[in-house]
Amino acid sequence: MPEFEELVYREALKAALREELARDERVFLMGEDIADPFGGSYKVTLGLSTEFGTARVRNTPISELAIVGAAVGAALAGMRPIAEIMYIDFMTLAMDQLVNQAASIRYMSGGQVKVPLVIRTQGGAGRSSAAQHAKSLEAWFCHIPGLKVVMPSTAADAKGLLKASIRDDNPVLFIEHKLLTLQTLKEPVPVGEHVVPLGVADVKREGSDVTVVATGRMVQLSLEAADVLAGEGISVEVVDPRTLVPLDAEAILRSVAKTHRAVVVYEAFARHGFGAEIAAMIAEQVFDELDAPVVRVAGANTPIPFAPKLEKMVIPSAESIAAAVRGTLARSL
Amino acid sequence: MTAVPVELLHAMLASMWRIRAFEERSIELFQAGELPGFLHAQIGQEAVCVGTCSALNDDDYLTSTHRGHGDIIAKGGRLDRMFAELYAKETGYCRGKGGSMHIFDFSLGILGANGIVGAGLPIATGAALASQLRGSQQVAVSFFGDGATNEGAFHEALNMASVWKLPAVFVCQNNEYAESTPRRIQQNIQDIAARAVGYDIPGVVVDGMDVLAVYEVVSEAVARARRGDGPTLVEAKTYRYLGHYVGDPGLYRTKEEVEEAMTRDPLTSFERKLTTAGILSEEHCRTIEAGVRLEVEAAVEFGRTSPEPHESIAFEDVYA
Ligand SMILES: Cc1ncc(C[n+]2csc(CCOP(=O)(O)OP(=O)(O)O)c2C)c(N)n1
Ligand SMILES: [Mg+2]
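From first to last, the protein sequence lines stand for chains U and L. Counting from 1, one number per residue, gives the positions in the first sequence under my numbering. Counting from 1001, one number per residue, gives the positions in the second sequence under my numbering.
Simulated from the structure, these hints should not be mistaken for lab results. There may be inaccurate statements among the hints.
Said to hold, decoys possible - Derived Cβ-Cβ restraints for the label pairs, each shown as a range:
1) U:D291 to L:P1307: 42 to 48 Å
2) L:K1255 to U:R58: 25 to 31 Å
3) U:G73 to L:R1286: 36 to 42 Å
4) L:E1028 to U:D291: 29 to 35 Å
5) L:H1310 to U:E284: 37 to 43 Å
To be verified - Coverage of chain L stretches by chain U, computed from C-beta distances (three or more under 8 Å per stretch; other residues unrestricted):
6) 1108-1120
7) 1198-1210
Quick reminder that beta carbons are idealized off the backbone N, C-alpha and C, glycines included.
Please model the entire structure based on the sequences and the hints provided.
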């Protein structure tokens, strides 16, 4: 049995970074304001530049394109860079290097090279950060062959998935949720070597009536909804894919085959998103198992508004998830 | 100073105090938990805002940044609608949908503060292009920080504006820091103005704590732009008194450094100049300050008592 320690999400991320920096000298970190004494906008890297030096934990100019591009170049040249892009919204400035370069180079070169890099970034709403600092853009990246996309929902997963991402030989976009990073809740996290393989979903709660497939912070809200629904006699199974690419289709389909109903919960703009992909997959592969249409609970198709009152309206809540679950139980095919 | 009309000198001082008072009050309100989101205060940089905008017409264009309250105020932005926006109220400039970092006022040519570092420069370039195409004589000014000069957008905008000889003025508010990162580890150059050489446009360094010096330099750049002679890069050397955002303790710089900058306070030094020259009495200065503080208080009250946005506003204006 592994030993556990109580860590908040942010500390779990830092533990993974620290352990991997110590384990492999090819690993290094770069990003805006990640070095001490500031230690990153969300303080994930606080202490690491002091411990490992500013050569390996380095501040960069405000140059997202060059940060991601330099990660690509360093990866091609044998390093294992971890670049931090402060907000996923700023990935827009670095898209060429990630999409046309990092994701394509191995294939385009006929398999001559690997591009082992991680881009850590954070996304999501909930802090009144408005339209340029609060988006959930994972679907864009899931669309691109050659990239992997990871969204941890717990401290233990944050650590285990980050370690796996760093050891992976492909470009990985690792998306933290800003509210999870700021959360003060301590969770048990395995000490030391704890690697959660990419592409393995986790059933966060077992249930028999409805399958809720949720990502990132939405896993927490879905678990809250499941608690409420349990009081109404509704048994919800919450499946967290943990990595969107590669996707553990098997785990999701197995759950749906058991419950016969599915609700997909994600914070991003609803249309053309993760939910559509999961709904299509379920329809294509286990249509006969369904007792009700697959339902999506997601962000509204609007930019993220600043006002707290409006911001709440455009992202899912435990209440809207619970309502969708009740709705799906009220339907039959 | 003698060349500047006395009314303009008065207006400049009032505008600088308006910014200072607005920022001080917004910080208090933020710390009291009345304002959502986060704030970046422009205290210390008032002379750049006011010196620049005093050289502009109402219909000239402006782009601003995450640290832009002062820019907006100097261009004539209404304090009540700004506070209402900071309060996330329906009467705010953006109906509560933008917040501190995203204030727009198209009636004043303000094409937006911006949460994306460097994003304003290409937008100002485009506004300058529109002016050139229409022959409207409007100038577009872009404010940005020292950190922004390391973004590709800075370089692409300057290059494009230079080859097309656009009526643009790029004003860097060099406060020596980008968040926690001092300029010396972000760029090798001593003066950001040196980057103008790469685009064969004038690059001018000016004391950003001296409102009249900024006014003079920008006036010349604006005149050049209106003549059709193309853009200028102005580097105003200034300082950010407070942390990057309200709540940032600023551990990455020394107390001595901050205190030294504060000895060059743009308001104090301008008042000293005005009083020494006999243009304003000390008493008059205090009357101006007291007047804008009342203005600010009324604006706070407007923001505080305004209604929250109606729920339907969340779904409006996604498309025209
Ligand atoms: C494209 C982009 N990258 C990073 C950030 C995060 N960020 C916000 S302000 C800032 C520092 C900006 O420094 P500077 O341009 O000097 O302006 P100052 O804050 O000093 O006014 C950074 C890195 C951002 N908002 N946009
Ligand atoms: Mg700066």
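Please write out, lowest number first, the hints stated earlier that are contradicted by the structure. Per hint list: 3, 4 and 7 violated.
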